Amino acid sequence: MGYDPNNPMEGRITDLGPPHYSKFLPPVIANNKGKWLYHEILEPGVLVHVSETGDECYTVRVGSARLISIELIREMCDIADKHCDGYLRFTTRNNVEFMVDSRDKVQPLIDDLKSRGNKFPVGGTGAGVTNIVHTQGWVHCHTPATDASGPVKAVMDELFDYFTSMTLPAQVRIALACCLNMCGAVHASDIALLGVHRKPPMIDHERITGVCELPLAIAACPLGAIKPAKAEVNGEEIKSVKVNVERCMFCGNCYTMCPAMPLADPEGDGIAILVGGKVSNSRSAPKFSKMVIPFLPNNTPRWPEVVEAVKNILEVYAKDARKYERVGEWAERIGWEKFFEKCNIPFTDKCVDDYRLAYDTWRTTTQFKYTNATAKYTG
Amino acid sequence: MPKHDTPLLDQLESGPWPSFVTDMKRMAEKKPEVYDILGQLELSFKDRITHWKHGGIVGVFGYGGGIVGRYSDVPQQFPGVEHFHTVRLNQPASKYYSTENLRAICDLWDKYGSGMTNLHGSTGDLVLLGTRTENLEPLFWDLTHDLGQDLGGSGSNLRTPSCCLGQSRCEWACYDTQEVCYALTMHYQDEIHRPAFPYKFKFKFSGCPNDCVAAIARSDFALIGTWKDDIRIDQAAVKEYMAGNYPANGGSHSGRDWGAFDIRKEVLDLCPTGCMWMEGDELKIDNSECTRCMHCINVMPRALRPGTEMGATVCIGAKAPILDGAQFGTMVIPFVKVDKENDFQDVIDIIENVWDWWMEVGKNRERVGETMQRVGLPTFLEVMGIEPTPQHVKEPRSNPYVFWKEEEVEGGFERDIKEFRKRNAM
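Taken in order, these protein sequences are the chains called V and L. Under my numbering, the first residue of the first sequence is numbered 57, with each subsequent residue one higher. Under my numbering, the first residue of the second sequence is numbered -9, with each subsequent residue one higher.
Simulated from the structure, these hints should not be mistaken for laboratory data. Certain hints may be false.
Unchecked claim - Label-pair distances were calculated between CB atoms; the ranges are:
#1 V:T417 with L:M176: 40 to 48 Å
#2 V:A341 with L:D406: 23 to 31 Å
#3 V:P322 with L:R254: 38 to 46 Å
#4 L:D0 with V:K170: 22 to 30 Å
All of these numbers come straight from a predicted model, not from anything done at the bench. The C-beta atom is built at its ideal place from N, Cα and C for all residues, glycine as well.
Whole structure, please, built from the sequences with the hints as guidance.
Below, the structure is given as structure tokens:
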């Protein structure tokens, strides 16, 4: 018996929740839960965890797109069936982890992974670039200012050697969110790629009455830029809204609330780059990512300007930062004025905060470093 | 459905990183509607704009979340994606799977959907990407009856909770993140499936202050493992690190020659509180000065471990920027036991305290962190029944604007202006 459309409530089951995790733990994990003593990264992408029982768990981490087919998942299952007793796991950063319980099972697993073309790159551990967490972009979302899977593929192609090695001063977490809603929560990443709009919403007067609650659309604007207004449709006066363009900060919240106020645009939309965020409490407190490049165009299919900018920042950091220093810790130690100089990024008014609590970010001391940006005063 | 020319997407098939385009083309050979996903995506790459319509409310009977409606704005051109709804499946804790379970999910999605997925969505769900409205109820029937699984959250409800891998494969986890994640997910099935909140609410469980699920950045309610006694030291292992016999930071810097391990430079001098020193070849820690940042433990995992009296710190109110700017979680409760013995009642009490208040005073589409900002931390702490401590702030206020309450001021606020004038002429 399956679903019966004539009796939809008949035999219905709800609120089951997820399966209990204990059903899915590989034996070496289940047997040693809570007993792990230490871990070590043996080579990029390969970890060993050692238990107080003497057991060892070897993990091989591979990168993956986030957008994947069931054909690929089935292939992952084939690999896990062959080498890992039928278990595998996924990390919070879209990596796949294959675990085995002895060292001699590692190389055959790696050999198998490597025999399958570029589908399963081994890496993403330690002081390198791990997988990019990201959002849906043009493949599924209705509010994006850029694509997600496309720019991520282009950036990871360029940074591939950093995924398969551990040569950086610390781990570098890159994230992409395709609009300011930030489903990907990129606001605390070493390097954040953020889809941004730059044109105010259009107003579809012909549709607005049918699809929007006007008070909600008006209240949606954090800067009060949306006001009630009359408009004429087919010779009749209707209630609509107008936008005070000077106050618009292009957040897109109005469009979220009102489909008759679209703001996406091929020329207006693109990617901003924010850097220096971190989540971990290690050494310094968690930090927000800060905007250093306000806009780069959506040059499909490979976003060359974005790729170049990310690579440049990463390589300057790799050369200049001290061991253990995250991007944001490095930028704070040398000073953000030095960050812009060393990375050769032009500083503009767009990087000066003028939203709420902005004053906290303005310099209120005579302590600063002279850089190329101050040469016109000191030259 | 025919194959479309995709000259732009084809350029994403080269390069060393796995190509989602190649993967989708492989899928399309079995499920031709994937050609229409590629076709519409190609059009977006050409037009540099999305081709999905705004919203669309669909779901399964009795649930207010778990399905995200989506429709193409060019359905004549790409009928295979006319409806392209997302199904969020509640993932198992820490995203461990048996291949048996994953294959069953693949078969389900083969039967009812496009065959494309996200493993995983940002909140943690296993996301099935693209199906038609008429498939939703049959899919849900098979999901619940045959797989014994359920949908996750979407909309103004409790979103699918998620956790780090915790004690399952990490020596630093200060509590069992998987168990509390599972227990609370089951405890709050109604809150996950039937939206009743002002806006979304997220739980995230990290086992230690390294915070691998970004709880402090992304969750309204973050439970981050910590300890209250002393860091455990194995002095013999410290010597092994100093002798270069154990790799620093678990070997994470081995790709570059950083020189010999220097405990002073790499551990003592990077300790944010300077509470570590060497006495001869013994490592000493003044634990009363320690802020439990994890740096020394990260660098010498075989020598240093968190203490044994473990629990968690509660941080509340994190969110991404929309609308009033991004916020990290504010430290609200310094230490709480995370105890399965009493079914995590201490944690549940804190959560329900927040909800009772927020559901009453929170405005439509206001995250709890924004409500906290609107009313102020002192008011929020009072609601929570928590005495303010210096630990709640980075620094005391620098402005003098205290909201004194009448009962806090001797004689109250009521005064007689006539009496005042008798003594103080104008």
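Evaluated hints:
no., hint, verdict
1, V:T417 with L:M176: 40 to 48 Å, "holds (43 Å)"
2, V:A341 with L:D406: 23 to 31 Å, "violated (51 Å)"
3, V:P322 with L:R254: 38 to 46 Å, "violated (55 Å)"
4, L:D0 with V:K170: 22 to 30 Å, "holds (25 Å)"
Checked against the numbered hints above, the structure breaks hints 2 and 3 and satisfies the rest.
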